[in-house]
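A.B. asks: Sequence:
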Amino acid sequence: MLFGEKGKTINLYVTDVQLERGSVATDYKEAPEDIEGQISTVESTFKQRANSLEAGVNRLTEGLRTKADISALNVTAENIRQSVKSLETDTQNKLNQKLSQAEFEVRAGSIRQEILNATKDKADKTLVVSEAGKLREEFSKMKVGGRNLWIKSKTVGAVIEKLPENHVTGQKECYRLENNSTLTFNLEPDFSSRLYQKVTFSAWIKYENVVQGRNFWNVFNCFKHYLFRKNSETGVQSGPDYATLGMYKGSADWKYITFTYDYSEKTNFDQLKTSLRFNLEGATSGTAWVTGIKVEIGSVATDWSPAPEDADGLITEAKATFERTAQGLRTDLSAIQEYVNKDGQRQEALQRYTREESARQATAVRELVNRDFVGKATYQEDVKGINQRIEAVKTSANKDIASQIASYRQSVDGKFTDISSQITTYKQDVGGQISGLSNRLTSSEQGTTTQISNLSNRINSNKQGTDNQISNLKTQVATNKDNAERQMGRISDQVSANKANADSQFANVTNQLARKVETTDFQRVKETSKLYERILGNTENGIADKVARMALTNQLFQVEVGKVAKGGRNYIRNGQFKNGSKNWLEYQSVNFGLNFNYQHSQNPNNRNRPGLHFYHDSQDVANFFGIQQSFAFDGVRGEKVSVSLLVSKDGGDSNSGLKVALHYIKNKNIIGQEWQNIPSPQITSKYKRFTFTFTLSDDVENLNLMLFGEKGKTINLYVTDVQLERGSVATDYKEAPEDTDEAIRSVQSQLTGSWAVQNINSAGDIISGINLGANGHNRFVGKLTHITGETLIDRAVIKSAMVDKLKTANFEAGSVTTTILDAEAVTAEKLKVDNALIRKLTANDAFIDQLISKRIFSTKVESVISSSTFLEAYQGRIGGFTLGQFDQGGGRWISGVNQFSVGMGNGAGYGVRTAFWANWGNNWNYAGPKAWNVNTDGKMYCRNEVGFYDQVDFSNSSRANFYGNTTFSRSPVFSNGIELGSKDVLGDGWNPKGGRNAVVWWNQVGSGSVKYWMEQKSDRRLKENITDTAVKALDKINRLRMVAFDFIENKKHEEIGLIAQEAETIVPRIVSRDPENPDGYLHIDYTALVPYLIKAIQELNQKIEKMEKTIA
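Position 542 of the sequence shown, counted from 1, bears residue number 542 in UniProt numbering, the numbering being contiguous throughout.
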């Protein structure tokens, strides 16, 4: 509403009123509904042209009625030509205007989008700064991260499942973990201090039927570390730390977990490297799901957000797609403009051909008439026959022309009636059609170019035929008349020939005139003009206005042209599976082992063409399984897309069919889906083509195509030639533009004073080209340039050349490479010879690839590789090793750069000499305190530490002497006993009698007596809460089952004893097990039964006393 203000004088002017979606106002443009008023002008223009054509035909008919009046015929034909030429010129001019306008609108749209993006970025940054300030004020004492360190794109080891819309987690997909599977992300690959502080971990998890395994960690582990710490100053590293923040068992629905872990608590380290895992490690059973994982620095968990690395990948992909589309638009528009610019050349060629052909035809007619003489009387008779023939032609032509004109006008009226309907349809669909700009442009422009070319060819062909026939007719009649008056007496058979020739000529004229008004020709003219009238408008002023004001003219042009185009680009990458699973996702909602194979189909003994074969026996665990592909697709609600593919199967009709489905995605959310099926009986053993039409339920940004099998059935399917395209008509399979590796396009450009032709591929790389520069520098780009014939080059600089034969008076070269060089003398600063026989060579500095000589004397030889049957040298360095004598000591040696660090002697000299050494020290006269060496007599001396990590064997003739204290970190095992001599084995354990504990050797007890004791602490001062025991010892003793048995190992018989497993259920404290081996054998401490026996005796004594009292 545009209202004035009450109580004030109003004197306002208003125009260019516009309302549009969005927050950025664009230049004014008319509403689509306002264009309807312009249609009547277009219709009137075409009707006027049709009437003009009809009037021209009527004048032509009148000319025929007046005995073929040549002058009138010429005027009528000229009018027809001018009318058609005017229509052609008008159409061409409007096309040129539209092309320029389209290119302008593409650039204007691009600039507007860049402004929008820049404005949006600034607004977002301002908001971020503002919100950050608020957070600093409110949480000044709290450290908050925010940046997600968990990079989803670098996570491995789990199956991804889709989540329903509006899920409680706020996520669209999750990881599914089966038993013994692991989800891993390498959080910190190398040692760094970045995370050596408080870090917060959060995630959404769900788990079902998780049963703990043998160990406590055999459950569902969350944020399990594989962590190493390091001190950056000392270089000391810790062993692995498997810190696990969350451990769960049982079942639970989706819940949010969060932990804060302070890595800096270990103060003796300052760096770490770690990976994080979610797994069911050794659990007996269970399934788990994880999503919304976030790792951030700080002590407070914030809402989930993707890692910047994940977001950057999506932005880069979208940007690349946009740039490829823009480049394609610019290239295609240039190609159209180039084609249109060459129209003048084509017209000139046609005119030249017309003139030459007319001259040839006139010459032929003159030669024919010269040979044919007609008498005057015979000629008069012939003229009467001609008049009769003209009357017949006139009558027939009148009928045919009137019929065709009526048909044409009826067709024109009907077609112009359709214009309003088509414009209305365009207004309804313009929003959806705009999104198809980049995809329809190529096929639309090709169709338009072909249509214009066909129209031009047909018009020029008809014009040429008409001109030729009229010219021939005029020349023939005039010539016949003159020659007949001068040369009478020609024989009568020539009259018959002339009559036949005249009949043929008039028949040709009739046919040409009939074709001139043929309905098909006028239909093409009408359809083409109708198309551009819809796009350009109906007035010259309207066209000029649209160039300056219409922001979406380019899309409008593509929408209208797209209505007459069929097919389009294929959005499915790798649709024939030539590159295996590239661009596809092999999907199983529950992993049951579905097989995917990309070689079976292309086997010559199988399908003999590329394709996918996926197969498995019947299963009931997974609802969704097969293959799927997601891709960008800008579509509008109600738009139709076609899916086509080739499918075949192995097996019978009871096997699985194929489910074909689309997910409709917007803002990364699935907003709709549609499923269609191919029943198994319809699928044969040979590839069969199936097509489907889907209707978008809403505006979309992405589509996800799914090809799934049926649950509960054996699946054995082959699929190839998968294609998705816009529209309801499925076309033959074509590869996606991105799959075309060498889609060569020819680009020609001409600048001021320069000219270039280049062949480029789809990525814009130059394959070959010619560049003629304005500065006189020319360049040929390509792998190979072949010049035949003689070539004269005034001056050439050649970096590398292969010449079969070269003749020259003077040859100067910085480098010459040749198979044979025959010269009396060669004078050069540098001479390179690969294989040569040289009688005498004197050189101050020579580089020789191969040299065979009986003897060489040189003060210095430098070589990269030296090969010799026998090499004799006295002292030197080879590969970092030092050879020869040392400054001290005799003999010769091989050592490292530091001779004391490592070396080996040659065994020369006398007596015992050192054969090998390491870390000798700093004086050759004696070994250092940390040295290791082996002498030539075989003795080895080690003055440093020795570490053994595997078995060490001493033969039965060996002995080991220990002169110092020997420490065993673990208990030694002596399988054949220990001989101690006169000493005993002593321990530091507590002895109540004082002193150290000594070992009692039971097998040394003979016939004498041994005194020993076994005591436990029982001092009253060590006890509290002392009361009479309530244990029924007699009952427990009676429940113990005493048995006789034989030991399996040594077959020793025991007359009485207990079974540990039975005794443990009655008196658990008397049974023990090895704490280091919980599954080892059980042991019974019979001495632990003494308190129970004492209590049982007391209970029996009480019973006896009671019985005695009763008896008494």
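Do not take every clue at face value.
Straight-line Cα separation of at most 30 Å, DSBU-like style, residue types lysine-lysine; simulated pairs [to be verified]:
(1) Lys273 - Lys198
(2) Lys154 - Lys8
(3) Lys1032 - Lys939
(4) Lys172 - Lys711
Since the hints were derived computationally from the structure, they do not count as laboratory data.
Keep in mind the model is a prediction, meaning the values are calculated, not measured.
A.B. asks: Next, verify each hint and record whether it holds.
C.D. replies: Here's how the hints hold up against the structure:
no.: 1; hint: Lys273 - Lys198; verdict: 15 Å, holds
no.: 2; hint: Lys154 - Lys8; verdict: 69 Å, violated
no.: 3; hint: Lys1032 - Lys939; verdict: 72 Å, violated
no.: 4; hint: Lys172 - Lys711; verdict: 24 Å, holds
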